[in-house]
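Engineer: Sequences and hints are given; from them, build the entire structure.
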Amino acid sequence: MPSGDDSDPLLAPADGIRFAALDYRDHPADRGATGGWRSALFIIAVEISERFTFYGVSSNLINYLTGPLGEGTAAAAAAINTWNGVAQLLPLLGGALADKWLGRYRTIVVASLLYVIGAGMLAFSTLLSSGSGHQCTTAGGQTCAPSTIKVTFFYVSLYIVAVAQGGHKPCVQAFGADQFDQSDPKETVSRSSFFNWWYFGMCAGTAVTLLFLNYVQDNIGWGLGFGIPCAVMAAALAVFLLGTRRYRYYVTAGERGLFARAGEAFVEWRSRRKALQHGDRPVAEGAPGFSAGVDEEEQAAVSHDAGLVKETKDILRLFPIWATCLLYAVAFSQSSTFFTKQAATLDRRVGRHLQVPPAALQSFISITIVVFIPLYDRVLVPVARRYSGNPSGITMLQRIGTGMFLSLLSMVIAALVEKHRLRVAVDAGLVDKPMVPLPMSLWWMVPQYVLFGAADVYTMVGLQEFFYDQVPDKLRSLGLALYLSIFGVGSFISSTLVSIIDSVTTARGGSWFSNNLNRGHVDYFYWLLAALSALELLAYVFFAGLWSILIFDFDSHLYLLGLGRVNAIIQFLRQGFIRNQQIGRSFTSSSLNAKS
Numbered sequence: 000m001p002s003g004d005d006s007d008p009l010l011a012p013a014d015g016i017r018f019a020a021l022d023y024r025d026h027p028a029d030r031g032a033t034g035g036w037r038s039a040l041f042i043i044a045v046e047i048s049e050r051f052t053f054y055g056v057s058s059n060l061i062n063y064l065t066g067p068l069g070e071g072t073a074a075a076a077a078a079i080n081t082w083n084g085v086a087q088l089l090p091l092l093g094g095a096l097a098d099k100w101l102g103r104y105r106t107i108v109v110a111s112l113l114y115v116i117g118a119g120m121l122a123f124s125t126l127l128s129s130g131s132g133h134q135c136t137t138a139g140g141q142t143c144a145p146s147t148i149k150v151t152f153f154y155v156s157l158y159i160v161a162v163a164q165g166g167h168k169p170c171v172q173a174f175g176a177d178q179f180d181q182s183d184p185k186e187t188v189s190r191s192s193f194f195n196w197w198y199f200g201m202c203a204g205t206a207v208t209l210l211f212l213n214y215v216q217d218n219i220g221w222g223l224g225f226g227i228p229c230a231v232m233a234a235a236l237a238v239f240l241l242g243t244r245r246y247r248y249y250v251t252a253g254e255r256g257l258f259a260r261a262g263e264a265f266v267e268w269r270s271r272r273k274a275l276q277h278g279d280r281p282v283a284e285g286a287p288g289f290s291a292g293v294d295e296e297e298q299a300a301v302s303h304d305a306g307l308v309k310e311t312k313d314i315l316r317l318f319p320i321w322a323t324c325l326l327y328a329v330a331f332s333q334s335s336t337f338f339t340k341q342a343a344t345l346d347r348r349v350g351r352h353l354q355v356p357p358a359a360l361q362s363f364i365s366i367t368i369v370v371f372i373p374l375y376d377r378v379l380v381p382v383a384r385r386y387s388g389n390p391s392g393i394t395m396l397q398r399i400g401t402g403m404f405l406s407l408l409s410m411v412i413a414a415l416v417e418k419h420r421l422r423v424a425v426d427a428g429l430v431d432k433p434m435v436p437l438p439m440s441l442w443w444m445v446p447q448y449v450l451f452g453a454a455d456v457y458t459m460v461g462l463q464e465f466f467y468d469q470v471p472d473k474l475r476s477l478g479l480a481l482y483l484s485i486f487g488v489g490s491f492i493s494s495t496l497v498s499i500i501d502s503v504t505t506a507r508g509g510s511w512f513s514n515n516l517n518r519g520h521v522d523y524f525y526w527l528l529a530a531l532s533a534l535e536l537l538a539y540v541f542f543a544g545l546w547s548i549l550i551f552d553f554d555s556h557l558y559l560l561g562l563g564r565v566n567a568i569i570q571f572l573r574q575g576f577i578r579n580q581q582i583g584r585s586f587t588s589s590s591l592n593a594k595s
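In numbering that gives the first Met the number 0, the protein residues as written are 0 to 595.
Note that these hints are calculated values from the structure, not bench results. Keep in mind it's a predicted model, so treat the numbers as computed, not measured. By construction, the Cβ of each residue, glycine as well, lies at the ideal position given by its N, Cα and C atoms. Where hints are given, some of them may not hold.
[Stated by the list, open to error] Pairwise CB distance ranges (calculated):
#1 N515 with L40: 44 to 54 Å
#2 G428 with G350: 20 to 30 Å
#3 V188 with L415: 37 to 47 Å
#4 Y154 with V435: 26 to 36 Å
#5 R244 with F541: 44 to 54 Å
#6 G350 with A530: 35 to 45 Å
#7 W546 with V188: 21 to 31 Å
#8 T81 with I148: 13 to 23 Å
#9 V503 with W100: 43 to 53 Å
#10 T151 with P390: 49 to 59 Å
#11 G71 with G428: 22 to 32 Å
#12 V349 with H419: 15 to 25 Å
#13 A530 with S440: 51 to 61 Å
#14 W546 with P390: 16 to 26 Å
Structural biologist: Laid out in structure tokens, this is it:
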């Protein structure tokens with residue numbers, strides 16, 4: 000590592016904590032020898048491989064569950080949404096572990112190892128006996144139910160992959176962004192561009208998965224289809240380790256996690272609150288029994304917990320944006336479940352000999368992103384910058400909202416296409432022949448995938464940058480985990496909706512999600528999601544309009560968001576637990592002012 004006068008160690012203050020950029024030897028990092036694009040490229044490489052592995056498992060999962068595992072369409076969709084929900088919520092735990100104990104680098108290494116183990120176990124699970132013989136099929140052509148051991152081993156393997164994603168996702172992107180020093184103007188510009196090119200590389204890896212790996216799974220075998228991601232992830236881990244000497248590592252010392260400190264503060268607040276309600280008033284300064292030493296001790300608590308107050312507020316003010324993006328995640332989850340099952344009923348021939356795997360249509364999402372991100376970054380942003388004066392062209396919130404509108408449009412088109420598909424099935428006399436492809440080309444479904452891809456460029460990239468940028472430096476992994484939790488909660492909502500609607504419509508004589516989609520009404524489900532997305536977009540526009548107010552006057556608008564009790568907690572923390580006779584009145588006053 001270079002040393003001497005030319006070295007430029009990185010040490011930047013942030014949020015009252017000093018964050019030192021270190022090299023792999025725990026020495027101050029040299030700007031010329033560490034970080035920047037040279038380091039980020041190693042990290043982008045491991046992310047491409049991680050996406051290849053994750054989508055190699057998840058993209059065609061609906062066909063594996065309804066095929067070799069013999070599950071029904073609605074049950075399989077609900078199971079996938081539940082698994083996706085767990086996989087997208089676990090980054091909250093992974094981010095907290097990284098920020099508190101392991102650090103981002105070590106968490107990435109551990110998560111990559113879990114990916115290798117999980118994908119390897121999935122490949123092995125396909126070799127287990129079905130328990131009913133290899134030739135066992137139902138009258139409808141589906142495989143008979145496999146053995147309990149095979150199903151259990153498969154789901155254990157699948158959830159190991161979910162745990163791996165939980166450690167990988169909140170850390171890799173934050174670790175990549177850490178390679179750019181935000182106190183340096185040139186590196187700040189590079190960091191903003193990094194988020195775009197990060198997503199470009201991620202989607203390039205996903206596109207390769209969807210075009211190549213799904214073909215292997217459908218036409219060669221599921222064992223090889225799950226085994227290839229295992230090998231790719233093992234190679235990616237080796238590449239990531241090669242960059243160890245070039246990375247910048249940011250550390251903080253002696254900091255408890257946000258959730259732990261918030262929990263302690265809440266317990267303290269409740270106990271003092273009860274004491275005040277029972278008339279146990281603090282002793283006034285100068286009165287008998289007053290202790291200056293106690294006062295000084297509690298003044299120290301004020302300083303110690305000042306960071307907690309700011310961190311808590313920074314996280315809580317993200318809630319309105321977080322909540323109003325959930326339906327976007329619900330809509331997006333359909334692309335890997337019902338979209339794929341619909342595609343399986345269409346004429347998927349391209350040329351004389353090639354038949355496109357149903358899940359491969361998801362590649363149009365990735366291809367759209369790969370094409371559109373350079374266009375957005377190099378053409379649309381400079382044009383928008385001329386009119387807005389914003390260095391990014393449009394604000395992060397405007398970007399997110401644009402994608403939400405495109406998602407709404409995609410669901411409308413999906414409903415119209417499905418209505419047409421059902422009409423074709425009736426006209427062709429194939430309603431009760433689900434295994435026979437309809438005389439309807441797969442190209443009918445391409446527009447809804449393309450719109451989802453364009454929506455991702457706006458909303459997903461915008462959300463990533465938003466949740467990275469709007470949290471304190473030491474909580475960046477947690478911020479990106481909050482972004483991912485949108486899709487986790489959205490998947491759970493989707494799973495719940497599918498289960499409830501399937502139960503209700505089945506009781507009325509015909510499930511919307513019939514195993515024979517020609518007898519179902521998935522189009523009704525898409526119309527429902529379109530209507531909910533429209534309501535969500537209106538709510539998002541409202542809260543996005545309040546965002547600038549919330550930044551500068553957070554406390555006075557918490558009651559507007561239904562967070563009045565949180566406001567009371569924050570007001571109490573702000574008083575710093577000072578024992579004076581006015582503390583009870585300060586709570587009453589702050590609450591009344593907020594309500595008014």
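Engineer: State for each hint whether it applies.
Structural biologist: Checked hints:
no. : hint                       : verdict
1   : N515 with L40: 44 to 54 Å  : 48 Å, holds
2   : G428 with G350: 20 to 30 Å : 27 Å, holds
3   : V188 with L415: 37 to 47 Å : 42 Å, holds
4   : Y154 with V435: 26 to 36 Å : 32 Å, holds
5   : R244 with F541: 44 to 54 Å : 49 Å, holds
6   : G350 with A530: 35 to 45 Å : 40 Å, holds
7   : W546 with V188: 21 to 31 Å : 24 Å, holds
8   : T81 with I148: 13 to 23 Å  : 21 Å, holds
9   : V503 with W100: 43 to 53 Å : 46 Å, holds
10  : T151 with P390: 49 to 59 Å : 53 Å, holds
11  : G71 with G428: 22 to 32 Å  : 25 Å, holds
12  : V349 with H419: 15 to 25 Å : 21 Å, holds
13  : A530 with S440: 51 to 61 Å : 29 Å, violated
14  : W546 with P390: 16 to 26 Å : 18 Å, holds
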